[in-house]
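Could you fit the two chains together into a complex? Lean on the hints.
So the protein lines, in turn, are chains A and B.
Position in the first sequence counted from 1, then plus 60, gives you our numbering.
Position in the second sequence counted from 1, then plus 27, gives you our numbering.
Just so you know, these hints were derived from the structure itself, not from any lab.
We treat Cβ as the ideally placed atom computed from N, Cα and C, and that holds for glycine.
Possibly wrong hints are sitting among the right ones.
Derived pair list, reagent style SDA-like, types lysine to any residue, alpha-carbon separation capped at 20 Å [as the list claims (entries may be wrong)]:
{"no.": "1", "chain 1": "A", "residue 1": "K274", "chain 2": "A", "residue 2": "R344"}
{"no.": "2", "chain 1": "A", "residue 1": "K277", "chain 2": "A", "residue 2": "D306"}
{"no.": "3", "chain 1": "A", "residue 1": "K176", "chain 2": "B", "residue 2": "R232"}
{"no.": "4", "chain 1": "A", "residue 1": "K277", "chain 2": "A", "residue 2": "H290"}
{"no.": "5", "chain 1": "A", "residue 1": "K277", "chain 2": "A", "residue 2": "D303"}
{"no.": "6", "chain 1": "A", "residue 1": "K176", "chain 2": "A", "residue 2": "L62"}
{"no.": "7", "chain 1": "A", "residue 1": "K176", "chain 2": "B", "residue 2": "S97"}
{"no.": "8", "chain 1": "A", "residue 1": "K277", "chain 2": "A", "residue 2": "D292"}
{"no.": "9", "chain 1": "A", "residue 1": "K339", "chain 2": "A", "residue 2": "V255"}
{"no.": "10", "chain 1": "A", "residue 1": "K277", "chain 2": "A", "residue 2": "D325"}
{"no.": "11", "chain 1": "B", "residue 1": "K154", "chain 2": "B", "residue 2": "F116"}
{"no.": "12", "chain 1": "B", "residue 1": "K154", "chain 2": "A", "residue 2": "V372"}
{"no.": "13", "chain 1": "A", "residue 1": "K277", "chain 2": "A", "residue 2": "R300"}
{"no.": "14", "chain 1": "A", "residue 1": "K176", "chain 2": "B", "residue 2": "F116"}
{"no.": "15", "chain 1": "B", "residue 1": "K154", "chain 2": "A", "residue 2": "G157"}
{"no.": "16", "chain 1": "A", "residue 1": "K176", "chain 2": "A", "residue 2": "V372"}
{"no.": "17", "chain 1": "A", "residue 1": "K176", "chain 2": "A", "residue 2": "T158"}
{"no.": "18", "chain 1": "A", "residue 1": "K176", "chain 2": "B", "residue 2": "R39"}
{"no.": "19", "chain 1": "A", "residue 1": "K176", "chain 2": "B", "residue 2": "T96"}
{"no.": "20", "chain 1": "A", "residue 1": "K339", "chain 2": "A", "residue 2": "H290"}
{"no.": "21", "chain 1": "A", "residue 1": "K176", "chain 2": "B", "residue 2": "E120"}
{"no.": "22", "chain 1": "A", "residue 1": "K339", "chain 2": "A", "residue 2": "V275"}
{"no.": "23", "chain 1": "B", "residue 1": "K154", "chain 2": "B", "residue 2": "L144"}
{"no.": "24", "chain 1": "B", "residue 1": "K154", "chain 2": "A", "residue 2": "R67"}
{"no.": "25", "chain 1": "A", "residue 1": "K277", "chain 2": "A", "residue 2": "A264"}
{"no.": "26", "chain 1": "B", "residue 1": "K154", "chain 2": "A", "residue 2": "L71"}
{"no.": "27", "chain 1": "B", "residue 1": "K154", "chain 2": "A", "residue 2": "T158"}
{"no.": "28", "chain 1": "B", "residue 1": "K154", "chain 2": "A", "residue 2": "Q68"}
{"no.": "29", "chain 1": "B", "residue 1": "K154", "chain 2": "A", "residue 2": "E155"}
{"no.": "30", "chain 1": "A", "residue 1": "K176", "chain 2": "B", "residue 2": "R123"}
{"no.": "31", "chain 1": "A", "residue 1": "K176", "chain 2": "B", "residue 2": "G115"}
{"no.": "32", "chain 1": "B", "residue 1": "K154", "chain 2": "B", "residue 2": "S97"}
{"no.": "33", "chain 1": "A", "residue 1": "K274", "chain 2": "A", "residue 2": "E314"}
{"no.": "34", "chain 1": "A", "residue 1": "K176", "chain 2": "B", "residue 2": "R95"}
Distance windows between CB atoms, simulated [as the list claims (entries may be wrong)]:
{"no.": "35", "chain 1": "A", "residue 1": "L71", "chain 2": "B", "residue 2": "E86", "range": "38 to 44 Å"}
{"no.": "36", "chain 1": "A", "residue 1": "L136", "chain 2": "B", "residue 2": "R39", "range": "41 to 47 Å"}
{"no.": "37", "chain 1": "A", "residue 1": "W63", "chain 2": "B", "residue 2": "A93", "range": "26 to 32 Å"}
{"no.": "38", "chain 1": "A", "residue 1": "A250", "chain 2": "B", "residue 2": "D186", "range": "38 to 44 Å"}
{"no.": "39", "chain 1": "A", "residue 1": "A178", "chain 2": "B", "residue 2": "E86", "range": "29 to 35 Å"}
{"no.": "40", "chain 1": "B", "residue 1": "D133", "chain 2": "A", "residue 2": "L71", "range": "26 to 32 Å"}
Next come the chains, spelled out residue by residue.
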Amino acid sequence: MLWLTWRQHRLQLLAMAAVLAMAAGYLIYRALPYVEPARLLHACGGGSASDAECQTLFNYVGVDGGLNIALVSVNLIPALVGAFWGAPLLAREYERGTHQLVWGQSVTRRRWLGAKLALLGPVALLGGAAQGALLTWATDKFLVLGTVNRFGDRFLFGVVGVVPPALWLFSLVLGLAVGLLVRRSVPAMAITLAVFAAVMAGLAMVRPYYAEPKVEKPALAAGPTVFAVHEDWTLGTVFRHTDGRDVPASTAAELCPQPAESAPDTACLARHGIEVLDKYHPGRRFWRFQWIEAGILVAGAVLIGGLTLARVSRRAD
Amino acid sequence: MNALETTGLGKRYRRAWALRDCSLAVPAGKVVALVGPNGAGKTTLLHAAMGLLTPTRGEARVLGEAPRTSRTLARVAFVAQDKPLYDGFRVSELLRMGRALNPRWDDGVARCRLAELRIPLDRRAGKLSGGQQAQIALTLALAKRPDLLLLDEPLANLDPLARSEIMGHLMSTVAERDITVVLSTHVIADLAQTCDWLILLSGGRVQVSGDVEELLGAHQMLTGPVEAADALAASTPVVSRRVVGRQVHLLVRASRPIPDPRWSARPVAMEDLVLAYLREPDAAALPRPTLATLAPEGNR
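Just chain B, same shape as in the assembly (with noise of 0.2 Å):
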């Protein structure tokens, strides 16, 4: 079963579209590492699976389910980009919410964490500091013991001992229980070690998504000579090109050696991949073999 799966699905905010014609699916157990740059839709495609906006086309479908029905809330949490929690709440209400609101809330989980975090029970919501609150906000979510877990920009506006805080944090929950996680970023220096599947989001339409290892062994960075790039790229699909001097530096969707012996190739790291592709947003008018194939067809 799909974590999360959109077919088609596409939003559109008056004249422009937020997202377009997005359609993938993400196995369960995965981390998320949902990229793009500001605008590229990722918060609408994460309110989309949360049911927090109607689609123009298209659907998306959580834990094989329409979102917003009581059976996909109970199995999924979502922290939104701006960490929102009733600021007149003391932390302890906030947790009397959560527990009054979900069936599989667990109370010493919550608790626990709140404790290790040293943040006090009896505090008001809206005096705590930001990265205090992100990290209610995240607890609230953690606790409901959802099945799949969406967090919008979770590190955004902290410092990096908090991100370091909240990305081990998860990572240790990740590894206990058997979740889905969603995180999107516009950082992907954040995510690069701990996400194992991509979703590269630009200008409203899904440029990658797919398994890491699977996206990262089928690109090989190509440096050759300039005058030898047309030729590979009418062979190969090349996603960028930078040309440094007389040298080409080129990212290309090859998981096989490149047997003319002018180019030398080395492996791809995640950050390359992913500039890669954010330089050159008309790579995803690119067919999309690796990337398609993985993502079961099914429900077209």
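Okay, chain A solo, but in the shape it has when bound (with noise of 0.2 Å):
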């Protein structure tokens, strides 16, 4: 069984390590004018370097758009986990009308599908760590930059840390039970497509409620001198009347009125008894956030594999 799960699925295999080869090549290239820098950065946060050599990570921050674009078409990897390891798995035999050839020789369906997910799974899972530990590697270095924020940026959080190998297995098991469904391959990949970003787009809903956010008045802004990196998730402003009630921003801009865009007038919300407040999740959580994500796809991914091969092994059509 494992010589022919290899064979039936190599060329896939195959193409996702050359599309991984391919990204960490170009990340690479990209994160290596920044690899001193980022060093630089961790020291300046550990106080061993001098200020004036933190001043000169100044020079690195800017807007890199292309960058952002290349680190956020990683997302597009586990999505075609999905699309072309998990789809075609059982789409493919049943379009092919395949499925009465090998269900046919002396091998349980069980079995079979098992065997198929005892290699496919840990390759997924395999192929997730190895994008996720890139990306990790690659941000971080990209941090000097000050446009790279991997726990607020919904199109980041998933493609660093934990989280990826088991967007991989996800992807996988969910391309699966949409091939049991459709039973041809090519509606399989693209509901599979449609679902892993439906699914996606869910958890980043969900993603600010894995704990209660922090309500406090803003650190200081860091002064000119010090240049330090805050991973920290911003929600949003909450405006706190000195009463305890939480004041809606219409009535904050009413009262004081500035320009769009622009922060709010402390000063002026302050007479009147409103201070401003930063809702957000510290960069502390990070791992925190991203085990919980994990969790919630590795254990989706279990459900839904479970239900798969049980519908495979017993049900006969």
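As structure tokens, then:
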């Protein structure tokens, strides 16, 4: 079965390895110039570098749109796992009628599908881990640009850390289940992509609720001499009256009109007894959120995978 | 033990029944012709035997066991109608798959057979002709060394030479090893010479299931005057009647000679029998004494 699984899926596996290698090549190429500044950044954070040295980091702050597109497009990779590994696994057999061939061999369907998942599942986890490690390393270098926030950016959170392996596995199993229901490869691939995108969007919507956000006075604005990167996840601003009630933003804007897109006038609001607070998840919660999201995805994968396996092995058609 | 047995088997797709109330039993060691017009339920019956579908009613048992267990799967082989193969696999890779997935696999038989057919092992299955693909599919099934071989329209879309090659090889294999073969077809002429059990399906129902010799012995073709037909039909089950001028040809179910001298009798050929039943789908509504008694009733 191991050989058959490899023989049937080697094209997809190798293609995905190539995609990953290309992404790795590009990201390493882009990240190498920032290896030294990133090291310095960490040194500055740890206080082991001189202020003069840390000053130089300001030279790197800049907007790099091309880079962000590259980083965001990494989100496609787990989706491809579902579309190209998962969806055709059953759909192609049904479509070509070869399920009648392979399910007529002396191997029960439970073993057949179990063996396939026993190879593809771990490979997906490994691939996802590789992607996660690569992106975590690369984005760490890009932090000096000041435009990268792995916690707060919904398109970055899922490509770094421990979420990618869970995403790869979930996507694989999702494609498998869609293939079972749809039974034709191309529609199954399209539906897998759509459902996967919906799941990603859904996760991004519930992600802020993994923990109670902190509502605090903003830290003093960092002086021009200190360069530091915060990966806090800012959720918004809260206007809190001294009596404890929260005031809607529109009321605050009426009391102290400000030009659009600019920070609220704290001095004016303070005269009305309103405090301006930040609502945010501190950066140190990053890993907790990562593990929660990975856990949700793995649980979903186990559930869908279990149902699919049961459906394929119990029901005859 | 029966090689294939169904009790009250029925399968409904959406509104229509593909197979309905199908009860039959085929003893081991037979070469079975599963005959019926297109859409009669032949494929449905074979799929039920392979566990490729869930019956709506009743059940199918193969070699005395439920389909789809690993023990059953090792002893049954199936070649589906379209002879599905993995198109991208080389022939040698298909053999490797067979070897990997089947404990009773006989690699020698497979290689020998493909060599005889001059099918190159390094070609991709998708690049071979339809006839060669059918031969490969059959080879994979035979190399499994099954006790029961189910072939769905194995001869369809093949040229006459390939047909006779396949049938010839099949029959020699059957002779060597004591296996049961079920072949579905809508062209009875392909199988008339070789099969010794007949299952006739029509409109999703079993019309006939029985030993060919006994079936042929239990039917007669009578020719006589038209006006005598109704009187005869009152006492003897008539399967089909065909009027030619003042004469009528009746296919009747009767093993003993008809005493009435107006009737001249001749034995029935398999093609006649099949055609007669196929022309009269309602003949299934008649009692099937000679047919049903062959089937053990123990499973009801």
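Where does the structure disagree with the numbered hints, that is, which hint numbers, in rising order? Result: hints 3, 9, 12, 18, 25, 32 and 33 break, sorted rising.
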